[in-house]
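Trainee: Chains R and X supply the protein sequences, listed in that same order.
The working numbering applies: residue 1 is where the first sequence begins, and numbers increase by one.
The working numbering applies: residue 1 is where the second sequence begins, and numbers increase by one.
Keep in mind that the hints are not guaranteed to be accurate.
[Claimed, not checked] Cβ-to-Cβ under 7 Å is the rule here; a few derived chain R residues that face chain X:
| no. | residue |
| --- | --- |
| 1 | L29 |
| 2 | V33 |
| 3 | L36 |
| 4 | G40 |
| 5 | F134 |
| 6 | A136 |
| 7 | I140 |
| 8 | V147 |
| 9 | F155 |
| 10 | L156 |
| 11 | I265 |
| 12 | P269 |
| 13 | F273 |
| 14 | S318 |
| 15 | I326 |
[Unchecked claim] What the simulated footprint calls covered on chain R by chain X, stretch by stretch (three residues with Cβ under 8 Å from a Cβ of chain X suffice, anywhere in the stretch; the number is not a length):
| no. | segment |
| --- | --- |
| 16 | 276-289 |
| 17 | 304-316 |
[As the list claims (entries may be wrong)] Computed from the model, here is a short list of chain R residues facing chain X with C-beta under 7 Å:
| no. | residue |
| --- | --- |
| 18 | I26 |
| 19 | H32 |
| 20 | L103 |
| 21 | L107 |
| 22 | F129 |
| 23 | V139 |
| 24 | M144 |
| 25 | V148 |
| 26 | L199 |
| 27 | V202 |
| 28 | L319 |
| 29 | G322 |
| 30 | L323 |
| 31 | A329 |
It is worth saying that the hints were derived from the structure and are not from the lab.
Bear in mind the structure is a predicted one, so any value in this text is a computation, not a measurement.
Built from N, CA and C at the ideal position, the CB exists for glycine as well.
Chain by chain, the residues:
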Amino acid sequence: MSAVLRTRTARDLIVVIVVVFGVGSIAMLLAHVSPLIGFGALFDGAFGTKSEVAETLVQATNLLFPALGIAVAFRAGLFNIGAEGQLLLGGFAAGWVGAQFPLPGYLAIPMVLTAGTLAGGAWGAIPGFLRARFGANEVIATLMLNVVAMLLATFLVTGPLQQGGGGASETATLPKAAQLPDLIADSRLTWAFIIALVLAFVLRWVLQRTVFGYELRAAGDAPLAAKRAGIDLGRTAFVAMALSGAIAGLGGATLVSGVLHRFNIGLSPGYGFIAIAVALVGNLDPLWIIVASIAFGMLQSGGIAMQAEAGVPREVVSLVTGLVIIALAGRRVMASRRTT
Amino acid sequence: MNATLAAVLAVLGLTLVKATPLIYAALGGVLSERSGVVNIGLEGILIAGAFTSVAVSGATGNPILGALAGVVAGALVAAILAFVATRLGVDQIVAGTGLNIAALAAAAFGLVLIYHQPGASHEVPAFGKGGEATLIVLAFVMTAALQFVLARTPWGLRVRACGEDPGAAESAGIDALATRFWAVVAGGAIAALGGVYLSLAELDLYSDGMTAGRGFIALAAVIFGRWTPLGATGAALFFGFFAALQYTLQRAGVPSELMQALPYLAALVALAGLAGRVRAPAADGVPFLRS
Numbered sequence: 001m002s003a004v005l006r007t008r009t010a011r012d013l014i015v016v017i018v019v020v021f022g023v024g025s026i027a028m029l030l031a032h033v034s035p036l037i038g039f040g041a042l043f044d045g046a047f048g049t050k051s052e053v054a055e056t057l058v059q060a061t062n063l064l065f066p067a068l069g070i071a072v073a074f075r076a077g078l079f080n081i082g083a084e085g086q087l088l089l090g091g092f093a094a095g096w097v098g099a100q101f102p103l104p105g106y107l108a109i110p111m112v113l114t115a116g117t118l119a120g121g122a123w124g125a126i127p128g129f130l131r132a133r134f135g136a137n138e139v140i141a142t143l144m145l146n147v148v149a150m151l152l153a154t155f156l157v158t159g160p161l162q163q164g165g166g167g168a169s170e171t172a173t174l175p176k177a178a179q180l181p182d183l184i185a186d187s188r189l190t191w192a193f194i195i196a197l198v199l200a201f202v203l204r205w206v207l208q209r210t211v212f213g214y215e216l217r218a219a220g221d222a223p224l225a226a227k228r229a230g231i232d233l234g235r236t237a238f239v240a241m242a243l244s245g246a247i248a249g250l251g252g253a254t255l256v257s258g259v260l261h262r263f264n265i266g267l268s269p270g271y272g273f274i275a276i277a278v279a280l281v282g283n284l285d286p287l288w289i290i291v292a293s294i295a296f297g298m299l300q301s302g303g304i305a306m307q308a309e310a311g312v313p314r315e316v317v318s319l320v321t322g323l324v325i326i327a328l329a330g331r332r333v334m335a336s337r338r339t340t
Numbered sequence: 001m002n003a004t005l006a007a008v009l010a011v012l013g014l015t016l017v018k019a020t021p022l023i024y025a026a027l028g029g030v031l032s033e034r035s036g037v038v039n040i041g042l043e044g045i046l047i048a049g050a051f052t053s054v055a056v057s058g059a060t061g062n063p064i065l066g067a068l069a070g071v072v073a074g075a076l077v078a079a080i081l082a083f084v085a086t087r088l089g090v091d092q093i094v095a096g097t098g099l100n101i102a103a104l105a106a107a108a109f110g111l112v113l114i115y116h117q118p119g120a121s122h123e124v125p126a127f128g129k130g131g132e133a134t135l136i137v138l139a140f141v142m143t144a145a146l147q148f149v150l151a152r153t154p155w156g157l158r159v160r161a162c163g164e165d166p167g168a169a170e171s172a173g174i175d176a177l178a179t180r181f182w183a184v185v186a187g188g189a190i191a192a193l194g195g196v197y198l199s200l201a202e203l204d205l206y207s208d209g210m211t212a213g214r215g216f217i218a219l220a221a222v223i224f225g226r227w228t229p230l231g232a233t234g235a236a237l238f239f240g241f242f243a244a245l246q247y248t249l250q251r252a253g254v255p256s257e258l259m260q261a262l263p264y265l266a267a268l269v270a271l272a273g274l275a276g277r278v279r280a281p282a283a284d285g286v287p288f289l290r291s
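This is chain R alone, in the form it adopts within the complex (with noise of 0.2 Å):
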């Protein structure tokens, strides 16, 4: 029940705050650093100067698309642990269709774009064909589908699809016509961000303001309901999973074209997992959302500044994360499971 599970949002703030405290302060002791100096190399690495700050929000931006997916998912009663999966092939279908075909920039972009939104909404709808159809469990469909996509990414780009030989496991690199121009000259950060921005407010208008929005948090609040109101839950589950997997594609493919401009197999250092945290936190409402993407990009960009400058290890980041995880979903009660 997505109305149970978007209350109580204040005290949610005040467990966040304690685990990523707390849990940061006790790791930072055990390391032998004063929280003190661990927290502001944290801080001081994210925004210490213009570019630190670009790079937090490049991370944020990764982040932000996945997460939006997410929410987009899982405020239709369907839980897509599959992000990862969806936003990694997508980077591919990206990198790929970018190097293989050099169009000028007007149309390179879009292709490019358009490659990845289409390779993760497919994979994203896998999942929900199953659930629509043979009633599968989404969850451990795309939990699955997540080391195939990595599979499937391994073999493509080292084997029928490899651009440039060699067996790396890698494409060749965009044309600069395809790449994502930068928002700040120097830096990382591209108008990928301002896509980002501007799809989160696409989507929460979606989710708010149209019949389809409607049905689709019908179908997450009350199944029940929403199947005798005449609303296909079969349907409906499978155009959110597409949906969710289409918006963590694009995240891949402004991965691919603005910040590497090639894929790589490791372009993702997990975002697509981090992001269930930030779609949590973010209280599965887009707007919100952007602004716990902001936080989240902070970690893992003040993550290194921290491992660097005061000595602790940057896996506190993923620690913190994992228990964000563990209390946020401690204090919902989710929906009991939908029928289709």
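With chain R held as given, fit chain X onto it using these hints.
Mentor: Then chain X, alone, in the frame of chain R:
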């Protein structure tokens, strides 16, 4: 002994080595899910077992103490999931996902704290061949024991009742929350043995990522094995067999990625009900809260 026979025996031996950690993890998953708690955190439990057993074996010089500590660590990690799942009625899947992320990070953090190096621990006293054989045999003994416990004992009946209909179980005087809690914790202890096997029997150290998604393959084995201990162990052996064949088939031109994807594809097929009817326990994954 001719060469063909030797090759066949080598593959069968490797099958047992590859299957054993999967069997332990899958048995843990079966016990947890039959009580009604989906354990996505199996991967995290394997990591906890593998890391803790190495750390304690290294500190005490005694691999048996290490193994016991690993089992306790697995039970404790499972207890976190069990607590939030039974007492707070949370979404078990989201919590399990968080558990995996946290366990991987905690082990990586622990490596830096204890060994002052990222990536891998030092070599520690381990079991060797004799201990490895014992753990392999124990996996099959455990399978039979769990099958018996679930099918034939009062506690097994209570566990299954809580997985099918916790409300009805409570009406019959069973404490559904406590039953689920202890089933998940016991499942965590069993699954952790898979981690112990990886780090102290197959190897003699812990390295980041050494569990390599076996917790998820085990989850696939639970489904493919239709939520029974015998079925799950059969599925684990099946997946282990293909893992053992991987090198042979790769030389014959079969892409290794296809072989690695097999357990997951098999689970998807089973999930979709394309390989005969598959039914999860009715209340699997459904939080139970007393009203």
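Trainee: Hint by hint, where does the structure go against what was stated? Just the numbers, ascending.
Mentor: Hints 1, 2, 3, 4, 10, 11, 12, 18, 19, 20, 21, 22, 26, 27 contradicted; others consistent.
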